[in-house]
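Trainee: Listed below are the residues making up each chain.
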Amino acid sequence: MASSLMRLVIDSATEYLYLALYENLQKRDSVYLKGDNNHSETLMVELKRLLEQQGVRPQNLDEIYVGVGPGSYTGVRIGVVVAKILAYSLNIPVYTISSLTLLASSEKSLLIVPYIDARRGYVFASVMRCQEGILTTVNDDAYCNFEELKATVDGTYICAGEPDFAVIYRSQLFVRVDNLHHLAPVYLRKTEAETNLNKG
Amino acid sequence: MKMTKTIYTLAEMEEFARAVAQTLFPGFVLCLSGDLGAGKTTFTQFLGKAMGINEVITSPTFTILKTYKSALDLHHIDAYRLEGVYQDESLEEVIFSHGVTVIEWYEHLLGSLPKDYLSIEIETRDSTTRVLHLEGRGKYGIIVNALSD
Numbered sequence: 001m002a003s004s005l006m007r008l009v010i011d012s013a014t015e016y017l018y019l020a021l022y023e024n025l026q027k028r029d030s031v032y033l034k035g036d037n038n039h040s041e042t043l044m045v046e047l048k049r050l051l052e053q054q055g056v057r058p059q060n061l062d063e064i065y066v067g068v069g070p071g072s073y074t075g076v077r078i079g080v081v082v083a084k085i086l087a088y089s090l091n092i093p094v095y096t097i098s099s100l101t102l103l104a105s106s107e108k109s110l111l112i113v114p115y116i117d118a119r120r121g122y123v124f125a126s127v128m129r130c131q132e133g134i135l136t137t138v139n140d141d142a143y144c145n146f147e148e149l150k151a152t153v154d155g156t157y158i159c160a161g162e163p164d165f166a167v168i169y170r171s172q173l174f175v176r177v178d179n180l181h182h183l184a185p186v187y188l189r190k191t192e193a194e195t196n197l198n199k200g
Numbered sequence: 001m002k003m004t005k006t007i008y009t010l011a012e013m014e015e016f017a018r019a020v021a022q023t024l025f026p027g028f029v030l031c032l033s034g035d036l037g038a039g040k041t042t043f044t045q046f047l048g049k050a051m052g053i054n055e056v057i058t059s060p061t062f063t064i065l066k067t068y069k070s071a072l073d074l075h076h077i078d079a080y081r082l083e084g085v086y087q088d089e090s091l092e093e094v095i096f097s098h099g100v101t102v103i104e105w106y107e108h109l110l111g112s113l114p115k116d117y118l119s120i121e122i123e124t125r126d127s128t129t130r131v132l133h134l135e136g137r138g139k140y141g142i143i144v145n146a147l148s149d
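Read top to bottom, the protein sequences are chains A and B. Residue numbers for the first sequence follow our numbering, beginning at 1 and rising by one. Residue numbers for the second sequence follow our numbering, beginning at 1 and rising by one.
Hints were generated in silico from the structure; no laboratory data involved. Small disclaimer: the values here were computed from a predicted structure and weren't measured. There may be inaccurate statements among the hints.
Residues from chain A that keep clear of chain B, each with C-beta distances beyond 10 Å, as calculated [said to hold, decoys possible]: (1) M44; (2) Y88; (3) A151; (4) D154.
Derived, one-sided and incomplete: chain B residues facing chain A with beta-carbon distance under 7 Å [unchecked claim]: (5) E89; (6) S90; (7) E93; (8) F96; (9) S97.
Don't be surprised by glycine CBs; every beta carbon is placed ideally from N, CA and C.
With the rest of the complex left out, here is chain B (with noise of 0.2 Å):
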């Protein structure tokens, strides 16, 4: 399941996100990918938020991970660094467990990822406008369905 939707402003990023954060469940896997600048990072803050995570979100270009813990724990995970890795099983530990996991630069680790995910490419337009593709894998297409409405 496809899906592509254009935003004009980062307040409805913000509301964007906010309805991603409705769709989330145990295990939930949303990979990333656009241009440095594109707001990976910056959806993430504000599905952070809509999560009820308080602590600032950085991208964790040098530490690779970063937990937050919530009701359902935020794990985030960058993985520019690791182009060429393909899979790490300690990663992967992270990726299959009970948190939810937004993985930017998820094509350095596609040997880790699960079956069933959702995918949005951030693309830049202007300053502020921005188009989303989604997709969702198995399980995920319903989750594209729901924010497509």
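Pulled out of the complex, with its shape left as it was, chain A reads as follows (with noise of 0.2 Å):
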């Protein structure tokens, strides 16, 4: 008989700290926690909390989901890292998730638009149909005007929320990764040098 799998999730590129343990597709506990530009410092604490609570080892942990952007550039890298250190030292599969997509899992409604800050009056964003419970997506996560892009698309706008990783697991919104050393965060904004090259 197949023994459950003990399913970690992480997400770091949003305001939100987000930390869930999953027997199988049965929430065991999570941490959705606001932080200030500081998840650097509180991800490895509650971690470490979220595992001991439930009396889980990371040697009993079989998968890592990540939330791998786009998103705040420092906090996307702090999740991507843990994930890659934690699955690499365990000898575990990682599967990406957009961390878009796991902001969209926390909304029920038809049409859902998923969006990150990204200063300047950008953000980044995508759009979502959940009918269901199943999501998928509509539009590609992109880098956008905020004020145009509400003005073409008429849906439940959500910029927090607590993930439900169910949802993104039945919708099959994840990757494998293949290779761990080429995992890295998605960051769809281009720097001011590739504008700038671009433009000449």
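Using the hints, build the complex out of the two chains.
Mentor: Spelled out as structure tokens, the structure:
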């Protein structure tokens, strides 16, 4: 008989730190904590507490799911590096999830627009459809002007909300990482240098 | 909005920093310029003191960023070593955060500044005399106004 899978979900790309421990699709416990550019200080502390309270040792983990952005430039790297180190040292697989898709999974309305502030009037956003608990992508993750987006897409805009990993899993919105060393954050915003290069 | 103010002693510099501290709000960005020894770090020390920070404030030339915890956090950036960088995403997140950010050598980080900010250029006249050139962009205009009284 196949034993159950212990799954750790990590996302630190938004203002909130999200950690969840799932046994198959059953949530054992989770953390959804508002931060202030300080996920680097809280992630390991909260992770240790979460595992200890559930009597789970790192060696008991079978799979890791990590939000890879888009989102906070510094924040996303914290979650990705922790996922990478855990997966490498425990020799277990990592699966990536869009941080916007994680955000969308907190909402149940038909058309969902998860967005993350990217400063100067811009956001990272996608458009998702939710039907019978299954999320599908309508518009891929993008870096766009917030006013233009609001003028063109009529949906439920959300910038915070605790993700529901079971929805993500059922919707199959994750990708297995083949080579752990190639795992990197997704960052859609072009640097000024790239922008200038394209102008030239 | 621009304004020039001459100060003659270190005590006056502290008094001026206290006046600036009265105008701070979450997300405040202050850009400092001036030659080495003009008093950018000295001003920041006085500002920190006025914000209730008791730690010793030193210029983070090597570490680039140092954050001091307070009711409003003080983020002190020294971009001296960032010549030619123009923009830095991680520092930008600090600059756009809820604290107060003081940036020395902000000329090296123009691509990561908000549209509005207060700039102070400290011009050295003699060992203690300094001419302060203040410029308040956008919503910082009224602050320069307030400081000129």
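Trainee: With a cut-off of 7 Å on the beta carbons, see whether B/F96 makes it to chain A.
Mentor: holds (5 Å)
Trainee: Would you say A/M44 is clear of chain B, with no C-beta pair closer than or equal to 10 Å?
Mentor: holds (19 Å)
Trainee: Per the stated criterion, does the least C-beta distance between A/A151 and chain B lie above 10 Å, as a non-interface residue requires?
Mentor: The assertion about A/A151 holds, with a minimum of 22 Å to chain B.
Trainee: Should the interface hint for B/S97 be scored as holding, given a Cβ-Cβ cut-off of 7 Å against chain A?
Mentor: Holds - the Cβ of B/S97 comes within 7 Å of chain A, reaching about 5 Å at its closest.
Trainee: Classify the hint on B/E93 as holds or violated, based on whether any CB of chain A lies nearer than 7 Å to its CB.
Mentor: holds (6 Å)
Trainee: Does A/D154 really sit off the interface, with its C-beta more than 10 Å from all C-beta atoms of chain B?
Mentor: At roughly 28 Å from the nearest Cβ of chain B, A/D154 sits farther out than 10 Å, so the non-interface label holds.
Trainee: Could you check that no beta carbon of chain B comes within 10 Å of the beta carbon of A/Y88?
Mentor: holds (24 Å)
Trainee: Holds or violated: is there a CB of chain A closer than 7 Å to the CB of B/E89?
Mentor: holds (4 Å)
Trainee: Identify whether the interface hint at B/S90 stands, where standing means a beta carbon of chain A within less than 7 Å of its own.
Mentor: holds (5 Å)
When each numbered hint is compared with the structure, no violation occurs for any of them.
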